[in-house]
Each structure stands twice: as structure tokens, then as C-alpha cells.
Amino acid sequence: MPTYFHENFPTAKGWVFNVVPWIVSILTSILSGVLADYLISKGYSLTFTRKFIQSLTFGGSAASLVAISYTSSFYGSLFCMAIAVGSCGFHHSGILVNPQDIAPKYAGSVFGIMNMAGAIPGFIGVYLAGHTLEVTKSWAMVFNQTALVCIIGWVVFTLFGTGKKIIG
Numbered sequence: 005m006p007t008y009f010h011e012n013f014p015t016a017k018g019w020v021f022n023v024v025p026w027i028v029s030i031l032t033s034i035l036s037g038v039l040a041d042y043l044i045s046k047g048y049s050l051t052f053t054r055k056f057i058q059s060l061t062f063g064g065s066a067a068s069l070v071a072i073s074y075t076s077s078f079y080g081s082l083f084c085m086a087i088a089v090g091s092c093g094f095h096h097s098g099i100l101v102n103p104q105d106i107a108p109k110y111a112g113s114v115f116g117i118m119n120m121a122g123a124i125p126g127f128i129g130v131y132l133a134g135h136t137l138e139v140t141k142s143w144a145m146v147f148n149q150t151a152l153v154c155i156i157g158w159v160v161f162t163l164f165g166t167g168k169k170i171i172g
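In this text, residue positions in the sequence shown follow our numbering: the first is 5, and each later residue adds one.
No lab work stands behind these hints, which were simulated from the structure alone.
The beta-carbon is built from N, C-alpha and C at its ideal position, and this holds for glycine as well.
Certain hints may be false.
Restraint-style ranges between C-beta atoms, simulated for each label pair [as the list claims (entries may be wrong)]: (1) N12 x G129: 17 to 27 angstroms; (2) L137 x S49: 39 to 49 angstroms; (3) W19 x Y48: 14 to 24 angstroms.
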């Protein structure tokens, strides 16, 4: 994120694009818990609640990452990036707490395995982003590839995710 802003908006204040998206993320993290509690209190299943919240995460991130490809202004880019990072805040009431739903006695172990598997796209993605930038010189391509990863994650979780207890 800082590299994108430094390359495209060299006169912009670094603290703005390094702080604003994360402030939005704090707010959406809190909002996600309130929303999840509300949905559960209204009788929605844990599975529906987790999938709905995670749809906000993946959908908001993917849409914002695609949108940033079409903006050339600093404030438009900052807005899109704030929405993309802020959407990730919903993750705290989606997949992140799902191990406690599916394996209450083994939630720590399930979370560890899940976190390890989730880290793989993280380090591969950094390599691919660098390679893509080197070859295409296109941040739009990087953002669209990341949006595609979000969409694939959303499809997989929507098809196979559950909030029902599986183990223990």
C-alpha cells in the first residue's frame, strides 16, 4: 500500500494513507461484532451470520480493489483503499472466529492450521505482486489479481463454510 501511494502520489503525506485505512478497519471491526450479535439475536444461524459477514469482507475488498484501478486522484484512491482495508475489519466476526464455532475444544489448533494455510497466499501474493509490477508496470493488474483472490475465497467459504459444530 505505501509503495502504491508513493509511486502514484509522491507529494501526499505518508501518514494519511498509512493511517486512514486502519482507522476505518477499527470501526468496521467493532461494527462487525455488533452486526453479528444482532443477526444471531434475530434468529439467524451461525452459518448464515458467518457467511454474510464474510461476504461483506470479501465483497467490499474485491469491489474496492477493482475500483481503485479506475481512479487517478489521491482522495479517490485513499477512499477505495480505506474501504478495501476497512472491509477486512468485518473478518473479525466472520472466518476469524469460525474455529470456535466448528471445533470449540480444539479452536486453537484449528485456528493455527487455518492461519498457516491463510499465510501461504500472503507470501506468494507478495512475490506475484512484485513480479506482476515488474512485468506489466500495472498496479491495476495487482489490485485485480488480489480482488480475484478475494472472490475465490468468498466462493469457497460460501460453498463449504459452516457455523455448525464439527469436532468436539
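Whether the CB-CB distance between W19 and Y48 falls inside 14 to 24 angstroms
violated, 40 angstroms
Starting from the hint 39 to 49 angstroms, judge whether the C-beta atoms of L137 and S49 obey it.
holds, 42 angstroms
Go ahead and decide if the range 17 to 27 angstroms is satisfied by the Cβ distance of N12 to G129.
holds, 20 angstroms
In terms of the numbered hints stated before, the structure departs from hint 3 and from no other.
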